[in-house]
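Protein chains: 6
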Amino acid sequence: MSGLTLLAGTANPGLAGAVASELGHPLAEREAARFPDGEMHVEIRTSVRGHDIYLIQPASPPAEEYLLQLLLLADACRRAGAARLTAVMPYVAYARQDRRGTGREPVGARLIADLLATGGFHRVVAVDLHSPALEGVFTLPLEHLTAVPLLAEAIAVPGPDAVVVSPDLGATKLAERYARQLDLPVALVHKRRVSGAEVTVRGVTGDVRDRIPVVVDDMITTGGTIEAAVAALLEAGSADEMIVAATHGLFVGEAVRRLAALPLREVLVTDSVAAQTGELRARRVTLAPLLAEAIRRLHDDRSLADLLVHA
Amino acid sequence: MSGLTLLAGTANPGLAGAVASELGHPLAEREAARFPDGEMHVEIRTSVRGHDIYLIQPASPPAEEYLLQLLLLADACRRAGAARLTAVMPYVAYARQDRRGTGREPVGARLIADLLATGGFHRVVAVDLHSPALEGVFTLPLEHLTAVPLLAEAIAVPGPDAVVVSPDLGATKLAERYARQLDLPVALVHKRRVSGAEVTVRGVTGDVRDRIPVVVDDMITTGGTIEAAVAALLEAGSADEMIVAATHGLFVGEAVRRLAALPLREVLVTDSVAAQTGELRARRVTLAPLLAEAIRRLHDDRSLADLLVHA
Amino acid sequence: MSGLTLLAGTANPGLAGAVASELGHPLAEREAARFPDGEMHVEIRTSVRGHDIYLIQPASPPAEEYLLQLLLLADACRRAGAARLTAVMPYVAYARQDRRGTGREPVGARLIADLLATGGFHRVVAVDLHSPALEGVFTLPLEHLTAVPLLAEAIAVPGPDAVVVSPDLGATKLAERYARQLDLPVALVHKRRVSGAEVTVRGVTGDVRDRIPVVVDDMITTGGTIEAAVAALLEAGSADEMIVAATHGLFVGEAVRRLAALPLREVLVTDSVAAQTGELRARRVTLAPLLAEAIRRLHDDRSLADLLVHA
Amino acid sequence: MSGLTLLAGTANPGLAGAVASELGHPLAEREAARFPDGEMHVEIRTSVRGHDIYLIQPASPPAEEYLLQLLLLADACRRAGAARLTAVMPYVAYARQDRRGTGREPVGARLIADLLATGGFHRVVAVDLHSPALEGVFTLPLEHLTAVPLLAEAIAVPGPDAVVVSPDLGATKLAERYARQLDLPVALVHKRRVSGAEVTVRGVTGDVRDRIPVVVDDMITTGGTIEAAVAALLEAGSADEMIVAATHGLFVGEAVRRLAALPLREVLVTDSVAAQTGELRARRVTLAPLLAEAIRRLHDDRSLADLLVHA
Amino acid sequence: MSGLTLLAGTANPGLAGAVASELGHPLAEREAARFPDGEMHVEIRTSVRGHDIYLIQPASPPAEEYLLQLLLLADACRRAGAARLTAVMPYVAYARQDRRGTGREPVGARLIADLLATGGFHRVVAVDLHSPALEGVFTLPLEHLTAVPLLAEAIAVPGPDAVVVSPDLGATKLAERYARQLDLPVALVHKRRVSGAEVTVRGVTGDVRDRIPVVVDDMITTGGTIEAAVAALLEAGSADEMIVAATHGLFVGEAVRRLAALPLREVLVTDSVAAQTGELRARRVTLAPLLAEAIRRLHDDRSLADLLVHA
Amino acid sequence: MSGLTLLAGTANPGLAGAVASELGHPLAEREAARFPDGEMHVEIRTSVRGHDIYLIQPASPPAEEYLLQLLLLADACRRAGAARLTAVMPYVAYARQDRRGTGREPVGARLIADLLATGGFHRVVAVDLHSPALEGVFTLPLEHLTAVPLLAEAIAVPGPDAVVVSPDLGATKLAERYARQLDLPVALVHKRRVSGAEVTVRGVTGDVRDRIPVVVDDMITTGGTIEAAVAALLEAGSADEMIVAATHGLFVGEAVRRLAALPLREVLVTDSVAAQTGELRARRVTLAPLLAEAIRRLHDDRSLADLLVHA
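Chains as they are written, first to last, in numbering that gives the first Met the number 0: chain S, 0 to 310; chain B, 0 to 310; chain H, 0 to 310; chain W, 0 to 310; chain Z, 0 to 310; chain L, 0 to 310.
The set of hints was computed from the structure by calculation and includes no laboratory data.
All of these numbers come straight from a predicted model, not from anything done at the bench.
Do not take every clue at face value.
[As the list claims (entries may be wrong)] Below, simulated DMTMM-like cross-link-like pairs (lysine to aspartate or glutamate); rule was C-alpha separation at most 25 Å, straight line:
hint: 1; chain 1: B; residue 1: K172; chain 2: S; residue 2: D167
hint: 2; chain 1: L; residue 1: K190; chain 2: Z; residue 2: D209
hint: 3; chain 1: B; residue 1: K172; chain 2: Z; residue 2: D209
Please take these sequences and the hints and turn them into a complete structure.
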């Protein structure tokens with residue numbers, strides 16, 4: 000596999016190492032430290048001249064740090080003669096800031112996309128972005144991989160009485176993708192305005208009575224959405240043992256405490272983000288084979304079609 | 000209002016004229032014809048040097064024609080010394096092509112956005128785009144206006160027993176915006192997989208029994224979505240008299256015939272697109288005051304905040 | 000010929016197929032249809048990752064349609080990992096709009112050139128553009144091929160008494176190129192102001208008496224220029240049997256009727272444009288060998304020098 | 000006329016001063032010297048912050064020097080806070096290199112145009128470019144002024160028996176413009192292939208017998224074209240006293256000697272280029288009023304339509 | 000002062016407030032917080048449409064945070080219709096990474112400069128950058144202000160026996176600027192190789208015996224340079240009471256402890272960076288008047304010449 | 000070495016030929032002449048399609064000529080299908096104009112860097128630029144080679160009593176690099192303000208008594224700096240026989256006369272610039288092996304690390 004360089008920032012060394020193992024190709028040596036004044040210093044220790052470089056770095060929190068480190072590494076590669084530069088970002092922060100919401104806000108997703116273009120990348124690889132519409136936001140060509148097959152395969156399906164549940168409207172298409180692979184029906188938790196006054200309730204659409212819900216989402220941040228979905232499902236008569244699966248487990252704030260208190264048989268996330276889950280025994284499904292396969296095919300100029308989100 | 004130029008392509012002369020009337024400012028004289036070989040010829044008849052130009056042209060079907068005409072007019076303006084060039088596009092085609100869906104497709108929305116940037120515009124004004132996430136797709140700053148207040152005000156609300164209905168998941172947030180203004184509850188027609196097999200049914204979430212539905216969507220193209228929603232609503236026991244409101248009435252293919260066959264008390268659309276509705280007595284709510292107010296404020300450097308989609 | 004992809008839009012499937020046959024390399028499968036709302040949908044059916052792609056699409060009338068389709072196909076290729084993207088455009092519309100003529104007009108040729116650059120192409124192949132000066136208008140490198148050798152060879156030269164005729168000043172250099180290959184003298188039809196008053200007449204410069212004119216031009220649109228030239232030639236005593244040759248046969252409006260009424264022994268055009276000639280028995284000289292040879296050499300990194308217009 | 004800055008390089012101080020006088024507005028003080036190592040040093044002595052700057056500098060030979068000086072001055076203006084930067088280039092070198100002629104050549108005209116865009120200019124003002132098609136070559140908006148009215152007015156028309164003569168095909172449209180203003184007919188000197196062998200002769204089309212030719216061209220470089228035209232005209236029986244008019248008088252090489260030897264009653268050129276004409280008593284018609292009027296209108300945002308080449 | 004907006008990030012609210020007070024113009028209300036997942040959220044509370052915006056934010060450590068916040072604020076301004084956007088960055092991180100030093104490193108300074116250009120700024124205001132050569136690194140026009148006059152004026156000059164000392168070669172030109180204003184001689188501490196072996200010593204050039212050193216530098220980071228300079232000065236017989244002045248006081252790591260242990264009569268820094276100095280009684284000279292004056296003149300289109308570094 | 004093209008402008012044919020000899024690869028045939036009107040004409044005589052092109056052209060005086068020629072050659076290569084284009088510029092003019100010094104000046108170094116980027120180059124190779132910080136000024140990746148090892152090796156070291164001397168502060172780091180290779184100590188000539196009044200003297204820091212100075216600098220222009228350094232060294236008691244070494248020998252103005260009058264045992268420069276040294280017997284150390292090795296490795300995608308300036 001001559002001419003290939005795997006390079007990693009410091010955001011998720013475990014995942015980067017696992018990708019390298021899958022590929023049987025070592026990570027390029029590099030330095031990534033800070034000067035006493037807090038500025039980052041990066042340096043690549045091997046020649047990358049003419050190489051096809053895959054820079055593995057999720058933009059997970061603190062995203063500003065990992066983004067700037069990614070851009071510095073890219074600049075070093077570019078100046079050192081890299082032939083092609085691909086950002087492998089299993090998690091992309093600011094993906095939800097894809098519009099101005101309440102007023103004079105930035106469109107953070109576009110800013111991140113533009114910074115990557117400025118940084119000299121030729122291509123971006125991401126996994127289960129918050130919205131497929133982010134493809135249009137990226138100036139660079141985007142390979143939008145999906146971890147749904149990996150996660151769906153890892154779920155110990157609890158029998159034909161299970162039901163895939165989308166915890167809000169935004170995850171409905173994702174739930175359909177899980178359901179297709181698990182051969183299960185779909186239900187939907189939704190917030191809805193029920194009167195002229197500003198009253199909204201959370202209800203469940205679809206048959207969940209006595210069924211075991213498999214609640215799926217693209218990411219778990221504070222755990223609040225899952226917590227509310229579980230309450231709505233119990234109220235709708237679902238089994239009181241559930242499964243939760245999400246591609247990105249950020250587990251920020253009260254997330255671990257909240258989820259640990261719910262009747263969850265299993266919580267599955269990938270290792271896209273190197274977050275700690277403490278008391279919560281979340282199962283990590285590794286993205287390494289998926290990312291390695293994508294890198295292998297990109298380097299060999301073969302189609303990625305069956306690895307991509309089709310939405 | 001010195002230094003302002005209103006210019007229109009041929010896509011929707013009625014709307015352009017109405018905007019000009021609202022502003023009390025004439026449309027600039029221009030030629031827009033075709034040479035014998037089919038190439039378009041445009042020419043602006045008055046000096047635009049140093050002017051703040053608003054080029055009114057929805058990219059409605061045939062979008063390729065109106066887009067290229069828009070770009071030609073913009074080039075003429077730029078070369079003739081325009082100081083600022085704003086594309087006022089009440090309808091933007093290709094907005095739904097914001098991702099690669101099933102495979103090696105283009106991201107049409109981004110292409111259109113990039114062509115507008117190449118064309119020398121400084122800013123785009125649009126109305127109720129298919130998705131608020133298109134803001135990130137546009138390279139140019141986008142003023143994303145909404146016609147919901149105009150349409151909601153125009154609806155003859157049939158009393159407290161009405162209910163705003165989203166005909167599919169994609170229109171849910173739009174339905175909430177109508178509901179807030181009309182002080183009504185929201186129901187939702189949705190397609191859902193009901194078993195492990197590939198069986199999907201259309202159901203209704205929310206209380207519609209004996210209520211008069213106000214079905215809302217961003218646009219009416221073939222009328223198929225409305226037709227299916229009406230069937231689902233009737234099956235769910237709604238009143239058999241309904242109202243339909245949508246910002247963009249394209250009415251392509253069988254749309255007019257289909258809608259005319261439904262128990263619709265009223266169909267409301269804006270004049271964003273100059274489509275014919277034939278036998279269907281659709282009511283047109285004009286966008287002219289909204290666009291005129293937006294132009295007035297842009298020209299005067301005043302805030303548009305209360306005219307924008309907040310999503 | 001690994002790594003090569005031939006792709007065609009819908010503008011001239013006959014020519015695209017002939018080029019593929021020449022190369023012994025199939026056209027890539029693709030979809031090119033319209034959605035019910037009139038938006039174009041394109042999709043490429045085979046992997047193009049890492050490929051050197053030649054996208055065959057003349058921008059013939061309706062140019063706006065074929066241009067946007069070309070740009071959509073290019074975007075699909077770029078996002079799917081194309082290594083190099085060449086627009087093979089045997090006919091390029093708007094080539095005559097290379098200046099502002101009478102006033103505040105666009106420079107359409109430059110706009111088209113800029114759209115192609117925005118579309119992600121790396122190179123453009125064209126044939127007998129209206130003016131060699133368009134090379135400077137194109138931002139992308141341009142391979143300006145010429146069909147003159149093909150056409151000249153196809154002309155059944157009527158003997159040493161023939162004369163190559165340029166029907167107006169603009170075609171003079173083209174006529175010289177034909178004359179060199181056919182080993183014939185050149186004459187020139189010209190409009191000229193003959194007095195202080197606004198009186199212009201069409202005269203003939205050069206010896207045409209009793210000679211058989213071979214009238215050459217870059218394109219035939221309405222046939223008006225040819226019609227006037229024939230009249231002037233007859234008046235100047237030429238033989239009353241003539242030959243007409245042009246690279247691009249658009250035959251718009253009254254062209255077929257007009258030319259059919261003239262004493263033309265033969266009309267030769269290439270298949271750059273897929274126009275119908277009805278009652279006029281125009282002979283088509285195919286560009287397929289020329290385009291195939293250019294593609295073969297570009298793909299193999301060999302010189303195109305002897306295929307290019309030298310002006 | 001607040002906010003206006005007139006700035007000049009060293010290419011044509013006489014013309015720059017005359018423009019300043021016409022406008023009643025002094026040239027900004029600046030330094031333009033060379034360091035001992037030959038590098039140019041420029042510095043602007045007055046504040047230009049927020050100003051609308053007109054940088055007067057023909058790119059006459061040695062064009063590389065005047066171009067780089069122009070770019071250095073522009074960079075100084077841009078960094079010093081210029082609001083708008085217009086290159087006033089009465090003569091633009093490399094305009095004839097608008098295509099690759101015989102092979103692997105640059106397209107010099109486009110390179111110059113791109114360097115001006117890189118240099119931070121917003122607009123270019125030029126006079127009687129070699130070809131109107133250069134408008135498409137320029138990335139920046141171009142104001143293509145014409146000196147034909149000034150020159151035509153300055154010609155002492157020798158009576159109704161005069162005839163405007165184009166000395167080659169390229170100047171035909173220019174000759175028409177002179178003829179319209181002078182109310183005279185047009186004749187044309189042309190080179191033409193007269194047999195199958197490579198034999199070309201120079202002939203005259205149009206009635207010149209006993210008429211006084213007014214030979215017009217866009218520029219006089221070596222004088223060779225004029226010399227040959229005069230010979231052809233005399234052979235065709237014209238009066239043996241002629242007038243020559245051209246916008247740009249470069250008078251390089253043998254030009255002065257050649258023209259001095261011809262039966263020319265008068266040679267008129269503008270002061271676009273600061274060339275010496277020695278023994279040849281060429282009359283200089285100053286461009287100052289034209290350039291001053293263009294600057295005045297550009298600064299005041301008024302139309303330039305009647306000052307432009309219409310081609 | 001209509002049309003002016005002052006906006007501040009969170010890097011140095013004290014300085015931003017002081018600038019606003021100096022200008023008698025309030026800071027625009029804005030939100031700058033973090034979402035639970037750690038992403039930054041910014042929003043501007045007042046209309047900035049058509050405004051000339053000055054965004055005050057030093058890129059002090061943690062630079063990645065303040066830089067991304069600055070870019071997000073700029074994006075919000077740009078989309079909300081800002082007419083002009085100036086980054087007022089009294090401190091610019093990564094300024095020393097202006098070359099690849101030991102190998103395959105990034106050029107961090109250029110990356111920062113390019114991110115600012117991508118972010119939509121029109122101009123950058125900085126103070127005493129590590130090297131004047133950074134002006135060429137910035138793509139955007141840079142106003143390189145100097146705090147030397149403010150600091151020099153604030154130094155209680157200890158009499159004619161004082162001497163300005165540059166603690167290393169890099170600060171020599173800075174020392175000359177202090178010396179000119181304080182009317183004092185200059186001495187220089189330098190490291191120098193003293194033999195063929197790799198032996199370097201720190202010596203003092205210039206007369207410092209019994210003189211009171213005024214040690215000046217552009218910034219104080221760890222204090223190590225100052226500590227070594229003080230030792231060299233004492234060894235060279237200087238007075239044992241010194242003054243230290245630097246524009247940027249970052250005081251990272253051991254800096255406060257180190258400097259507190261030295262025989263320093265006074266340490267002067269500006270408030271460019273909001274660092275704590277704890278036990279070290281460093282005197283802060285505020286940049287507010289300088290920045291306010293620069294903003295006032297930029298807004299009014301007046302020259303900044305006398306506020307700039309001349310090097 | 001297939002696919003490699005060496006191409007040279009006219010600035011330094013000797014060096015270009017030597018590089019070609021070193022590589023055993025001929026210079027590509029090209030024309031580089033002037034038209035009668037002074038415009039440059041370049042043309043490449045062999046196919047460069049798909050080639051990796053190294054364009055050898057120092058931007059030595061007259062820099063404007065060699066720069067424009069370089070850009071014209073690059074444009075020809077780009078249009079003719081070059082795959083990669085590297086500017087090999089052993090000398091880069093305007094490198095010292097990297098900041099605005101006394102006022103409203105351009106930043107010439109950045110302008111040159113931007114022109115090279117506009118010209119379509121992918122990479123620049125330079126030798127011992129005036130300042131390592133120019134790496135950040137270049138938009139394109141820069142390979143900053145050093146001739147110090149070549150020159151140091153060529154110096155006939157006069158024994159252990161020699162001392163490397165930096166003739167001013169700017170060359171100190173360069174002197175250290177020479178000293179490391181020659182295993183010698185370093186001394187420093189410096190100008191310094193010695194009192195409150197504007198009095199500066201030139202002194203020597205470091206032990207030079209009876210030692211033979213090896214005065215080193217990046218370039219020799221007028222020889223003034225060397226002349227002053229020699230005077231200071233003699234006054235400080237150095238040996239009265241010295242050696243001078245510099246990468247770039249421009250020898251402008253009085254340089255040759257000045258240096259010939261000094262007690263110099265030897266003057267060493269490289270052949271980066273094709274200047275004449277007349278009576279001064281300067282020894283030329285050729286850069287050809289260095290440039291050839293850099294080109295060989297770039298073409299083969301191997302590391303250049305040990306050939307670069309590390310600063």
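*Going back to the hint list, which numbers does this structure go against?*
Violated hint: only 3; rest satisfied.
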